[in-house]
Amino acid sequence: MDDALWFAIGESVLKIIAILIITGLLIRIGKIAIRNFFKVRTRGPLRITERREATLMKLLENVLTYVVYFIAIMMILSALTINVQAMLAGAGIVGLAVGFGAQSLVKDIITGFFIIFEDQFSVGDYVRIGQFEGTVEEIGLRTTKIKSFTGEIHILPNGSIVEVTNFSLFNSVAVLDIGIAYEGDLEYAEKVLQEYLETTTEKYPELVKTPELLGVQQFGASEVVLRIVAESLPMKHWYMGRQLRKDIKRVLDEHGVEIPFPRMVMYSRQEGGEQKEFGK
Amino acid sequence: MDDALWFAIGESVLKIIAILIITGLLIRIGKIAIRNFFKVRTRGPLRITERREATLMKLLENVLTYVVYFIAIMMILSALTINVQAMLAGAGIVGLAVGFGAQSLVKDIITGFFIIFEDQFSVGDYVRIGQFEGTVEEIGLRTTKIKSFTGEIHILPNGSIVEVTNFSLFNSVAVLDIGIAYEGDLEYAEKVLQEYLETTTEKYPELVKTPELLGVQQFGASEVVLRIVAESLPMKHWYMGRQLRKDIKRVLDEHGVEIPFPRMVMYSRQEGGEQKEFGK
Amino acid sequence: MDDALWFAIGESVLKIIAILIITGLLIRIGKIAIRNFFKVRTRGPLRITERREATLMKLLENVLTYVVYFIAIMMILSALTINVQAMLAGAGIVGLAVGFGAQSLVKDIITGFFIIFEDQFSVGDYVRIGQFEGTVEEIGLRTTKIKSFTGEIHILPNGSIVEVTNFSLFNSVAVLDIGIAYEGDLEYAEKVLQEYLETTTEKYPELVKTPELLGVQQFGASEVVLRIVAESLPMKHWYMGRQLRKDIKRVLDEHGVEIPFPRMVMYSRQEGGEQKEFGK
Amino acid sequence: MDDALWFAIGESVLKIIAILIITGLLIRIGKIAIRNFFKVRTRGPLRITERREATLMKLLENVLTYVVYFIAIMMILSALTINVQAMLAGAGIVGLAVGFGAQSLVKDIITGFFIIFEDQFSVGDYVRIGQFEGTVEEIGLRTTKIKSFTGEIHILPNGSIVEVTNFSLFNSVAVLDIGIAYEGDLEYAEKVLQEYLETTTEKYPELVKTPELLGVQQFGASEVVLRIVAESLPMKHWYMGRQLRKDIKRVLDEHGVEIPFPRMVMYSRQEGGEQKEFGK
Amino acid sequence: MDDALWFAIGESVLKIIAILIITGLLIRIGKIAIRNFFKVRTRGPLRITERREATLMKLLENVLTYVVYFIAIMMILSALTINVQAMLAGAGIVGLAVGFGAQSLVKDIITGFFIIFEDQFSVGDYVRIGQFEGTVEEIGLRTTKIKSFTGEIHILPNGSIVEVTNFSLFNSVAVLDIGIAYEGDLEYAEKVLQEYLETTTEKYPELVKTPELLGVQQFGASEVVLRIVAESLPMKHWYMGRQLRKDIKRVLDEHGVEIPFPRMVMYSRQEGGEQKEFGK
Amino acid sequence: MDDALWFAIGESVLKIIAILIITGLLIRIGKIAIRNFFKVRTRGPLRITERREATLMKLLENVLTYVVYFIAIMMILSALTINVQAMLAGAGIVGLAVGFGAQSLVKDIITGFFIIFEDQFSVGDYVRIGQFEGTVEEIGLRTTKIKSFTGEIHILPNGSIVEVTNFSLFNSVAVLDIGIAYEGDLEYAEKVLQEYLETTTEKYPELVKTPELLGVQQFGASEVVLRIVAESLPMKHWYMGRQLRKDIKRVLDEHGVEIPFPRMVMYSRQEGGEQKEFGK
Amino acid sequence: MDDALWFAIGESVLKIIAILIITGLLIRIGKIAIRNFFKVRTRGPLRITERREATLMKLLENVLTYVVYFIAIMMILSALTINVQAMLAGAGIVGLAVGFGAQSLVKDIITGFFIIFEDQFSVGDYVRIGQFEGTVEEIGLRTTKIKSFTGEIHILPNGSIVEVTNFSLFNSVAVLDIGIAYEGDLEYAEKVLQEYLETTTEKYPELVKTPELLGVQQFGASEVVLRIVAESLPMKHWYMGRQLRKDIKRVLDEHGVEIPFPRMVMYSRQEGGEQKEFGK
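Residue numbers (full-length UniProt numbering), protein chains in the order written: chain B, 1 to 280; chain S, 1 to 280; chain D, 1 to 280; chain E, 1 to 280; chain F, 1 to 280; chain H, 1 to 280; chain R, 1 to 280.
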């Protein structure tokens, strides 16, 4: 290690500091520019769907950050590698590292690009991706953030997003399964439910049309299961399900229709008793 | 960074804007052309099955978009790479990125091509793919969209579609398992059900032929399980299952055939009592 | 983009249209030829097993389609690539795409070839492949179609077919587990069942030989489980199982042999009562 | 497409037909030769274990078929490729296809080779491979066929065979778990069982030695579980298990040892009654 | 092995010892410098969010250690390989080893870099990664340490971190499901709960707003399930859930609203009795 | 195909037969030599642990077989390839096949080598590997054979052996969970058990030390669960568990300590009765 | 095979024997040296944490063995390959084999290196790795041995160790869930438990601080579940859990607080009776 080496180290340290300061400034200026552009745009003629606007702004900031940092890191690395190469004979390892790093990074970015390009989901949509479910908080080039209804944030690298389920594009459907006692009059119960259902659309604006009483979905162990489906506004099916359940409970109570408990027929037998045993 | 660099940057920015405007125009014109072509065609002599027409139109628009955007991106990249290469020594990374991106994109497109070419499913079919089930909303070159009956949209990259189950090509079959009490007369129950089933085809046009009473499918813990299969029009088996279940409940009630609750035989024993214990 | 380019584009569009028309004609003529050949053949001396004939005809049509389309696409691509290469510098991407496409296609075709060459299953066989089960509807070079008994079509790329279970090659065996009460006379029950079983072969021609009463398969919680196996003609085991179950129910009823319900011994205890508690 | 091309096509069609006819003849002659060789051999001095003879004959036929067909296909391909190459510039795809095909084929064949070379199982053995279980029907170079006891044939490519469980090499052991009532005399029950077990070897020649009463395997919820193990001839453990279970039921009945039903201690409590509630 | 070899070995041993001593000193000095820098910094103007400060300090120490050790090992290896190469002809194995080592190391480091760069979580956050859950103890370049609430430390290589769930960024929501008896007055129960919930915000400062009584979430087998959601400060939802549950129990008791036990309707039947059996 | 080809075929057939005969002789002689060597060795001074001797002998025979067969096959292949190459242009396929075969073979052999070199288990040890459990029957270079206690042989390629659990190296521990009634005196039950446990070591030589009564492991639904651990000689824990369970049953019976049945508190309620319903 | 070959074989056999003897001696001498070094060291000034000393000694011996054997095998191979190459033309297979062997070996060693370098766990720590749990018995360069509390040894190749859970670094926490009857006074029960818990720290030195009564964790089907957490010394949480459970049982009994059995409300109904059926 001679003087030239130490000098080279000093020079690159200075370079790196300069790069870092410029990087910081560029990002701040860029973000302000993006925000202003969107403010101005909303008055302009080139309007796009409002739903994508939030997505695009977040994304542009994101792209800006990555591009600036990427160029900065490349510059820092090129400033460093002179020394690294000076010290190590087998410098191919650095190249290998960057190659592998680029691989997963590139996969994330390309998937992210298609998610946005094909408008699979936007910020604010309610989606399910793999085992994670929630409202999209942010779509980045490399990661997507989803906020579950209990408050936690799921951070998914885009490369791990394969199949997406989007709940916000179409009307949602609430599915209610109501158990009715076997010994009761099925048609009377259906009539009671049907009459009630026809009154719901005026009561609940979240309902798109009159809920449908589909019929006998299943013969349960202790009850006949009737299914009701209620098409409601997107993501209002949980709310509507709860409202309808509460009303149906009241309506069935008023008309004396029983929601049965589990049942069992019990045979009492005397042990070793006079029970006729076959073959004896 | 000298002037030539700044000039090159300015030039490519202009190029990119021009490319973007032309791209947008091409796509709008193309889509109108495709729609008109299909409108005209329906009167022409070269008719193909109507079921595939919707698929083809959606697809052509899709192909148009991808091809135009692909060429545009290539042009933008070629406009950009001059500068990127000017700034970075190791520009092989960009090539690597495009290579990896093309890989998954190509896999999606080729699978998508075969799905359409082999007519595995069309827009409007009810399909199951992996764990997702619903009506096909759109078949694209890269992704397929399926709408589940509860309203959510599943977006599947074609490359992740392996085994497809299509419910819309043939008649569907409703399967009903009816539990009959052990202590009842099995043959009487079968006669009652058989008589009823023979009246169903005239009542329900969705039935393709008289439902079949297959026989004793299983000895359950508390009941003898009879199986009925009813061939119905495609995707009408859920509806028919519900109708038949309702009718069967009524018919069995009328003839006094019991659908049994879970049963248990209970031996009451006195603890520490005079129960004869073996070996004592 | 000069005139030569536009001219080249025009030329290839014409070529492509010509290719498409010839392709369509060739396929229609080929299919008619194949069908006639098979009609003639059935009278000729070179007969092969009838079971494979349907498979072969479907397959030949399939091969014809693929080969003709493959050549057509190659010609179209070669007509196109001149222009593509003229526009893009890095045209290696197209080669990459074809390479990857060929990979999965080749894997499907080779597996398909072995399925037919080794006669693993023919059209009409009942098979289970992975989680899919049903009658083989069509064996293609790239995909196999299976129709489940409830009417849906499963479309499997041959490359995803690994282990195949074929139910149609040998006789099937119906397995019946009959629960007998613990307190009854086991030997009497076995005698009753044995006597009945010996009468079955003349009643049911689907039975290959007298069903066997294997013996006590298991000590259940509430019953002694007897197992009966009945060898029947291929795929008739479900039918025979139902018939035998119905008969056995009748025979056991007639001889007073009980099929027991779940049982439980219940000790009633007074809480906080005079129950002798240990150690106190 | 000039005349030379059409002529070349005609020539190769003729070649292919000739190859096909010769192939067919070779296989028939070869199979007869193999069968005669084995018939002669059985009288010769070079005897090998009979268990492997069936395996070897099936295998030799199998090898013959593959080798002859392989050479035939190679010849056909070499006859074809002249034309294919004449038509297509990028003929590397055909080579790629053969390469990929050879890969999985080779993997299957090598695994198959080791299965036979190491004598992991022979035709007629009862084996479990992955989730499939049954008697080995045929060991081929590429696939192995297993026949389950209910009659279906499982066809496994050898490359998917990793861990093999062979039941036919050693004696099998039947394991019986007998539940005895908690309140009974455990030692008396053990004495009764032990006395019975000592009489079994003379009654059942399938037993290799007197079954062993291991002791209290588990404290169940309602019973003390005693375990008996009975070493029997290979694959006779299911038969012996059923025989022993039937006898043990009879012996326990004769000595008044109870096999208990599920039990439960029930406390009846008056609701809102004078039950002393803590802290009040 | 001649003298030169032994001399070379001696020389490299000396080199290695020198390298190890210098390495040790560098790391100690570096760590002290980092800590002082952070102490000074807290008074300076360049403040960053406090939450990231702990992360950054741990990380810088971590980077220092890796870089110094990496250079040291490279130097040791370069000192060693002379001899290794002198002894072995095929020295490519050493290169292979380093290559593979670098691969997984690089993957860990790159993922680690993005976790910190994108601020996915900081030291002190409560996160779930795969099946592991707990408070982040340390974020290193290669591994992340998570401390579960029961005290064990989970050590995860960063390369195995894909999807991250962070509970500390937003308010948490406690979800309470309360079962109410079917036969009771649902609206009365809702009124009681609602009145109580409105008093909670002043009692518990951890609550962000008044908990919401959503409504009838489900018709259970024995109870109507009401759902309450309570938004609370981050990670206070477990505490709030317990407090609310205790209070609700007391409030329901005071107002006589029953939380029901499992229920069953029991039909007692006489065996073989005069029960009207159908069809007889 | 000219005469030289036929001559070459004849020549190689002769060569192959010669190779096969020599191979067979070499293996027989080699095996006898190995056995004699081990017989002599047992009297010699170079003794190694007896546990590894059986392993080594089996292994040496195994190595001998593989090496001799490997050389034989190589010779046969080299005798064959002349002709194969003469017939086929693209002979690279044979090389590919050998390459792939060598890959999995090499992986198996290397893992097998480390299993023996690190003495992970020897012939006779009781091990669990993946889902297979039993006594090691044979450790080969390519496969390991494990015999389960019910008599079947599991044949595992060494390459599929990753994590090994060896039960024969250290003492085994029997774990007994004893349920005691809630209403009984826990300390009395512990005293009874403790007194009994102190008498066990003299009764059972398989016990290494007095079994320990750890304490209350769990509050079960109907019982307090006490845990006892008994360190015993390797693989004697199943035997000791059974013995201790039998004794403990007797001891608890003698002291009147109850092992409780499942319990349930039953509230009888009059339906629609005067039960005070809240809110009404 | 001429004389030179036989001579070469003889020469290499002699070489190999010499190598083996020297190898054996080197290892024995090396191990003694390592042990003495550690004995001396404990008195010297360069002390490191005692916890890592055992790890380091085991490891050094391990490294010694591998390095010496590796050099020996390389020498043996180089002695052998002369002959192997003389016999086989395609000797590349040997190189391939070594390459593949090195791959998995290198992966194991690198992971092992990081486990020790980052001090993830030491000999004697209680860890969970994947599905295996126990005390670390030995950390080698290639494998890690874990001894479970029931006595078996798990042998894990380091390459299969990904996520590690270490229980020995921090205090452990015992978690106790106590069920309290719904009808009892919750606050009284909490007071009783709280009073008891405050007396525990002086009784049990293993407790780090007074156990905390967190509150109502859950509304169970038949009980209110209270949760107690008790921070204790590392790995003492199982012991403390058992002690606390025993004490709590006694304390609750003394204060008359009931730990409830499963409960059920039973409605007795007369079948076909005068039960008011709805709709009739």
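To be clear, the hints were calculated from the coordinates, so they are not data collected in a lab. It cannot be assumed that every hint is accurate.
What the hints assert, rightly or not - Residues of chain F clear of chain R, computed beta-carbon distances all greater than 12 angstroms:
| hint | residue |
| --- | --- |
| 1 | L14 |
| 2 | K31 |
| 3 | V173 |
| 4 | D177 |
| 5 | R250 |
Said to hold, decoys possible - Below are the BS3-like pairs computed for lysine-lysine, each with C-alpha atoms no more than 27 angstroms apart in a straight line:
| hint | chain 1 | residue 1 | chain 2 | residue 2 |
| --- | --- | --- | --- | --- |
| 6 | S | K58 | D | K249 |
| 7 | B | K15 | B | K39 |
| 8 | S | K191 | D | K147 |
| 9 | R | K107 | F | K246 |
| 10 | F | K236 | F | K246 |
| 11 | R | K209 | F | K236 |
| 12 | R | K249 | H | K191 |
| 13 | D | K147 | E | K147 |
| 14 | E | K147 | H | K191 |
| 15 | F | K191 | F | K203 |
| 16 | E | K147 | D | K31 |
| 17 | S | K39 | S | K15 |
| 18 | S | K147 | S | K209 |
| 19 | S | K191 | B | K209 |
| 20 | S | K249 | B | K236 |
| 21 | S | K209 | D | K15 |
Stated by the list, open to error - Which bits of chain E does chain D cover? Going by a derived footprint, with three or more residues having C-beta under 8 angstroms, they are:
| hint | segment |
| --- | --- |
| 22 | 155-169 |
| 23 | 206-217 |
A virtual CB, placed ideally from N, CA and C, is assigned to each residue, including glycine.
Against the structure, the hints:
1. L14: holds (18 angstroms)
2. K31: holds (16 angstroms)
3. V173: holds (17 angstroms)
4. D177: Nearest chain R Cβ is 8 angstroms from D177 (chain F), so the label is violated.
5. R250: The claim is violated: R250 (chain F) sits with its nearest Cβ about 7 angstroms from chain R, within 12 angstroms.
6. S:K58 / D:K249: Outside the cut-off at roughly 58 angstroms; violated.
7. B:K15 / B:K39: violated (37 angstroms)
8. S:K191 / D:K147: Distance ~31 angstroms between K191 (chain S) and K147 (chain D) Cα, so the pair is violated.
9. R:K107 / F:K246: violated (53 angstroms)
10. F:K236 / F:K246: Holds, at roughly 16 angstroms.
11. R:K209 / F:K236: holds (22 angstroms)
12. R:K249 / H:K191: holds (16 angstroms)
13. D:K147 / E:K147: holds (23 angstroms)
14. E:K147 / H:K191: violated (58 angstroms)
15. F:K191 / F:K203: Distance ~19 angstroms between K191 (chain F) and K203 (chain F) Cα, so the pair holds.
16. E:K147 / D:K31: violated (38 angstroms)
17. S:K39 / S:K15: Violated, because 37 angstroms separates the two Cα atoms, which is more than 27 angstroms.
18. S:K147 / S:K209: violated (30 angstroms)
19. S:K191 / B:K209: Violated, because 42 angstroms separates the two Cα atoms, which is more than 27 angstroms.
20. S:K249 / B:K236: Violated, because 34 angstroms separates the two Cα atoms, which is more than 27 angstroms.
21. S:K209 / D:K15: Roughly 52 angstroms separates the two Cα atoms, so the pair is violated.
22. 155-169: Holds, because 4 residues of the segment 155-169 of chain E bring their Cβ atoms closer than 8 angstroms to Cβ atoms of chain D.
23. 206-217: The restraint on the segment 206-217 of chain E is violated, since only 0 of its residues have a Cβ under 8 angstroms from chain D and three are required.
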